[in-house]
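Chemist: The primary structure of each chain is shown beneath.
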Amino acid sequence: MAAPIHTVCLKKFPFGFLFKISNPLPKKCLLQQRLLSNGLPDSKGDTLPTSTRDVERLFLNAEVQNILYRVTKLDLDKVFHVRKQHLSNPVFKLMTEAELKKNQELALELAKEKLQMPPIMNQRKTISKILAHDPDLASIDMVKYVFTDISFGVKERDRFVVVREPDGELRYAGWEERDRMMQIYFPKEGRKQIPPRMFERPELLEEVLTRQNYEFVLDVACVQYEPDNPEYHRVVYRAYAHIEQTKSYDQLRSSRHFGCLTFYLTMHKKIDNLLVDMIQRNYLADAADTIRLYHIFHPECKSRAELHTLGTEPQALELVKLFAKTDSQKQGSLELALQSYEDLHEATAQAAQ
Amino acid sequence: MVVAIRLAYYGCTNRPFFHIVAIQHKRARNYQPLEQIGTFDPMPNANDEKLVAVNFERLRYWMAQGARFSRPAARLLGLSGFLPVHPYSYLAARRNRTHLETAQAQNNDNSADTENDNDKDS
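One line per chain: the protein sequences are W and A, in this order. Count the first sequence with our numbering and you get residues 1 to 353, in order. Count the second sequence with our numbering and you get residues 1001 to 1122, in order.
One chain only, chain W, in its complex shape (with noise of 0.2 Å):
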């Protein structure tokens, strides 16, 4: 099994078009992460009951892909929003309709590629492993002494980086050194040295997440930190845990972020407001996916179970109304929001007639 996962990876995370492609999950990583997984802590940092579940085999599972790629709606006016960028005069091209046709379908695989999810990743372990222990070389130096290999041609996990500290020991660089050493040796574009106040600070966070620019936060996380950085953990889900509360999901649709968002939610119980907001804007299929999501996450639940009573191939508004009966946490307010659509629905129908 870890071959097609490998290849899937491959193919789909590089992290950002703009910005310099990285290097995808490596094989050792995910299995390290398979034996001693995790889990996926919520908004206060405490981690769930299904802690043992590995989080990452989740993310890549091909169903959970498609339904997060399908949630996400792509808007193709969205996602090349007018921005700001170097002055150059317009190009005018003439086309026949062939021409035409075919830039446009190269645009949507141009969309497709800004819509790649940052993955979500188990935490990464310390690293603590130590080369030699050498006190005949202790007050060597007062300081240490950084050694990092720039072979050409090694994957940026599989480098060395070695530590040799004043009291002689010589040990492999932990993760921070490592960030540190691998941005001055090979830099990452809009990777900083020094990361951005407001990921130093929980209070600067908290204003810029009041200002509800979370699509920039989250920008700048997934350029700033590696996936399984515990640093980026703790800002994005800090941002989902505030838009969550703020209910401002449309902000990320048919951004890189939505799926993820989604995931996070989902994993943690927390669809209701965002299954409301979904009928709210006649998005009934994407709530019937998210539900569909629900139940590969937590297959134990009473809805999972009840689901052979809609038959064969349930419509997307019975699900949405059997999720309410069975585990939605806010019920009212999801009742009160079907309603309205069924009534909604009911007279323009009926104006139809």
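Simulated from the structure, these hints should not be mistaken for laboratory data. Some hints here could point you the wrong way.
Which residues of chain W face chain A? A partial, calculated answer using Cβ under 7 Å [said to hold, decoys possible]:
hint	residue
1	L74
2	D136
3	I140
4	D149
5	L170
Computed list of lysine to aspartate or glutamate pairs in DMTMM-like fashion (alpha-carbon distance at most 20 Å, straight line) [unchecked claim]:
hint	chain 1	residue 1	chain 2	residue 2
6	W	K144	A	E1057
7	W	K269	W	D54
8	W	K155	A	E1057
9	A	K1050	W	D219
10	W	K73	W	D219
11	W	K129	A	E1049
These numbers come from a predicted model, not from an experiment. Where a beta carbon is used, it is the ideal one built from N, C-alpha and C, also for glycine.
Given chain W, put chain A in place with the hints provided.
Modeler: Same frame as chain W, now just chain A:
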């Protein structure tokens, strides 16, 4: 001619910086090398680290071509674990330790003296 792997001194006033280079051993210190295979920054950074970058793959190539190390280069690579630790590193470490001990002993003596003086005064 023999190839040497040694440190070439660059940087500017009050700010040294070294390139680790593979170069014909009779050439001038900063002459254009056969290849630059790393850097060494002798000034500690904000996290109290001295940064060394080495292209170990090319280093192995030059070693295979019969390159000789200069003493500072050999000591540096000995610290990295690539080469065995240089005996001079052990000597330097012991020298530093004895210096630290004598300095500490002197400090203790001084503080003892000042205490005695204070007692006398009061």
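Chemist: So, for every hint listed, does it hold in this structure?
Modeler: Verification of the supplied hints:
1. L74: violated (43 Å)
2. D136: Cβ of W:D136 sits 5 Å from chain A, so the hint holds.
3. I140: holds (4 Å)
4. D149: Interface hint status for W:D149: holds (5 Å vs cutoff 7 Å).
5. L170: Given a least distance of 5 Å, the restraint on W:L170 holds.
6. W:K144 / A:E1057: violated (24 Å)
7. W:K269 / W:D54: holds (17 Å)
8. W:K155 / A:E1057: holds (14 Å)
9. A:K1050 / W:D219: Violated, because 32 Å separates the two Cα atoms, which is more than 20 Å.
10. W:K73 / W:D219: Roughly 18 Å separates the two Cα atoms, so the pair holds.
11. W:K129 / A:E1049: Holds, at about 19 Å.
Going down the numbered hints, you'll see the structure goes against 1, 6 and 9, while the others check out.
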